[in-house]
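K.L.:
Keeping their order, the protein sequence lines are chains A and B. For the first sequence, counting from 1, position 267 maps to 267 in my numbering; every step adds exactly one. For the second sequence, counting from 1, position 29 maps to 29 in my numbering; every step adds exactly one.
Keep in mind that a hint or two might mislead.
[What the hints assert, rightly or not] Cross-link-like lysine-lysine pairs, in silico, DSBU-like; alpha carbons within 30 Å at most:
#1 A/274 - B/70
#2 B/5 - A/247
#3 A/193 - B/41
#4 B/193 - A/296
#5 A/141 - B/225
#6 B/70 - A/136
#7 B/70 - A/287
#8 B/230 - A/134
#9 A/134 - B/70
#10 B/225 - A/296
#11 B/41 - A/296
#12 A/141 - B/5
#13 B/70 - A/193
#14 B/70 - A/141
#15 B/41 - A/225
#16 A/287 - B/5
No wet-lab data here; the hints were simulated from the structure.
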Amino acid sequence: MGFRVLKAGMQTTIQDLGRYGYQSQGISVSGAMDVRSFKIANMLIDNPENEAELEICLIGPTLKFTSATIIAITGGDFSPTLNGEPAPMYTAIYVEKDDVLKFASARTGSRCYVAFSSYLDVPVVMGSRSTNMKSKTGGFKGRPLREDDYIGFRIKRRYLPFFLSRHLDIHDYTETETVLRVVPGPQTEYFTKQGIETFYANEYTVTSDFDRMGCRLDGPFISTKNGSDIISDGIAFGAVQVPSHGKPIIMLSDRQTTGGYCKIATVASVDIPKLVQRKTDHRIRFKAITVEEAQKLYLEEIAELEELRKSIHVPCKEVLDCRLVAKRLTKLFA
Amino acid sequence: MQQVKILTEGDSSLLIVFGDEISPEINSRISAVVQLIRSQKIRGIIDLIPSYSALLINYNPQVILFDEIKARIESILSMDVKTEDTVKTVVEIPVLYGGDAGPDLQNIADHAGLTPEEVIEIHSSRDYLIYMLGFLPGFCYLGGLDPRIHTPRLANPRLRIREGSVGIGGNATGIYPMDSPGGWQLMGLTPVKTFDPNREVPILLQAGQYIRFIPIDQEEFDRIKALSEKGEYECVIHTEGGA
Chain A
1 MGFRVLKAGM QTTIQDLGRY GYQSQGISVS GAMDVRSFKI ANMLIDNPEN
51 EAELEICLIG PTLKFTSATI IAITGGDFSP TLNGEPAPMY TAIYVEKDDV
101 LKFASARTGS RCYVAFSSYL DVPVVMGSRS TNMKSKTGGF KGRPLREDDY
151 IGFRIKRRYL PFFLSRHLDI HDYTETETVL RVVPGPQTEY FTKQGIETFY
201 ANEYTVTSDF DRMGCRLDGP FISTKNGSDI ISDGIAFGAV QVPSHGKPII
251 MLSDRQTTGG YCKIATVASV DIPKLVQRKT DHRIRFKAIT VEEAQKLYLE
301 EIAELEELRK SIHVPCKEVL DCRLVAKRLT KLFA
Chain B
1 MQQVKILTEG DSSLLIVFGD EISPEINSRI SAVVQLIRSQ KIRGIIDLIP
51 SYSALLINYN PQVILFDEIK ARIESILSMD VKTEDTVKTV VEIPVLYGGD
101 AGPDLQNIAD HAGLTPEEVI EIHSSRDYLI YMLGFLPGFC YLGGLDPRIH
151 TPRLANPRLR IREGSVGIGG NATGIYPMDS PGGWQLMGLT PVKTFDPNRE
201 VPILLQAGQY IRFIPIDQEE FDRIKALSEK GEYECVIHTE GGA
């Protein structure tokens, strides 16, 4: 009961919403980079919000199932196929034993998520199933998947009501210019007025130094008053550090718990998915908003996700229309 | 006491800055505040990251918004915490010094113009405050290394330092909680596992506690190592002070 990895892909890891509660001991949070896509994948198949999924990065894996299950694929478009036929994204899909699910490289976006209704059978380590590659813990053996790995399921395929309604609009990641809303601080006072103006007025480009730890940007030099070193302090998801080279680094899921560079701003939670789906050379601008505005956006997104959840828990419209059903049935017997 | 500042770090974290220097006083105030926050069980707080002179709080804005958590924190900060009355906890870390366990002990001694025995005596004769944990799971930033044995890092860092290695890097001393590359001068090895993800308490040490290194011989090392592997070794812990 599970799947075998025929091809591993570039960096396919098991992630949930992260390992909180241990940062004071130096243990990184890890967890899904694009939390929105992650939540929607679980939602499509009625999984608990925090259930572990596969996170696929840039080049996708090929998986062969040894038992039936239901899956949902969200995030960037890796042209997924099931037994050679295109597999719809943002849709609950039945998968049978011996089916082969194949992902190509990222056509749009850079990360995609696969949720399994049979739940991935990896141990909970310190409260989470997320892979922490640095300390080689969590996920599957604390590392990305490799060819020939076998990942088990915890339960058999279960019944999902309203199956035909379980599809949502596909997210469009084709844009190459993104505005990230940020909350200024905490170390705004370390920067010169000029440095802060530079940060907000200019375009920065995503470099190839972009992994689960962080995303380095290139662009105009951001000046500080007295260097960029601070007494090391804690780092939040999306914090924008500016080391002495004057270019921003946005700290992501596998960030170290503490760091010694001043932070000019922090990306609003709702905009982190936009950032992590970017690729090298994509362009980014920053726009300052208040913490109140960022929290309002956060609550609005939760309400929006709740609306999406409701929309997939209604009987399929086609089924409700007797004439439509009769028409289809007639065709079958014609 | 310096003016404490509460700053935003995005929509899901806030940073409390207690000062702009590294001092045991500021650090112990942070430990006291961490304990108070934990004891108040404020809904919506997800994690706390204490550091040398600041405390980062991760929270869920769906449960508590910035203004509300800020007010709660301000009321906690206004409480009169008598940090001098707090209990000092000292965790004993047994160390096998020198030999294969500490290949750079002679370097450290040569640099200091002392004998290896004197280096061990100096290193194991004081308590080190754990200011914070970070860098690696369970890695402790310790304060208080005797200036006589400050030693520059190796010019060529090792690709692999064994878990449990005890070393000196500049003015800092510490324990490698897991195999890792590193440039510290290695003086010994502890059989104690400071990080074990499969243990009920994965990380042995906490910020605000003190460490005392206890020299042991090979026989004692082997005995403790065997117990550690089975998860049956418990460090000796002293408490000093308090009511």
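K.L.:
None of the hints should be skipped; say for each whether it holds.
P.N.:
Structure-based check of each hint:
As the CA atoms of residue 274 of chain A and residue 70 of chain B are separated by approximately 29 Å, the hinted pair is consistent with the 30 Å bound. Taking the CA atoms of residue 5 of chain B and residue 247 of chain A, the gap is near 26 Å; set against the 30 Å cutoff, the hint holds. Under the criterion of a C-alpha separation no larger than 30 Å, the hint pairing residue 193 of chain A with residue 41 of chain B is inconsistent with the structure, at around 40 Å. Restraint check for residue 193 of chain B and residue 296 of chain A: the C-alpha separation of about 45 Å exceeds 30 Å, so the hint is violated.
Under the criterion of a C-alpha separation no larger than 30 Å, the hint pairing residue 141 of chain A with residue 225 of chain B is consistent with the structure, at around 24 Å. The suggested pairing of residue 70 of chain B with residue 136 of chain A is violated, with an alpha-carbon distance near 36 Å, which exceeds 30 Å. Of the pairs offered as hints, the one joining residue 70 of chain B and residue 287 of chain A holds, with about 24 Å between alpha carbons and a cut-off of 30 Å not exceeded. A C-alpha spacing of about 24 Å is found between residue 230 of chain B and residue 134 of chain A, which places the hinted pair at or below 30 Å, so the restraint holds.
Only pairs whose Cα atoms come within 30 Å are accepted, and residue 134 of chain A paired with residue 70 of chain B is rejected, the gap being roughly 33 Å. About 53 Å separates the Cα atoms of residue 225 of chain B and residue 296 of chain A, which puts this hinted pair outside 30 Å; it is violated. For the hint pairing residue 41 of chain B with residue 296 of chain A, the CA-to-CA distance comes to about 24 Å; that is within 30 Å, so the pair holds. A distance of roughly 42 Å separates the Cα atoms of residue 141 of chain A and residue 5 of chain B; the hinted pair therefore is violated under the 30 Å criterion.
Between residue 70 of chain B and residue 193 of chain A the alpha-carbon distance is near 27 Å, which keeps this suggested pair within the 30 Å criterion. Taken as a hint, the residue 70 of chain B and residue 141 of chain A pair is broken in the structure, with Cα atoms around 40 Å apart against an allowance of 30 Å. Of the pairs offered as hints, the one joining residue 41 of chain B and residue 225 of chain A is violated, with about 39 Å between alpha carbons and a cut-off of 30 Å exceeded. Taking the CA atoms of residue 287 of chain A and residue 5 of chain B, the gap is near 24 Å; set against the 30 Å cutoff, the hint holds.
Hints 3, 4, 6, 9, 10, 12, 14, 15 from the list above are not met by this structure, while the remaining hints are.
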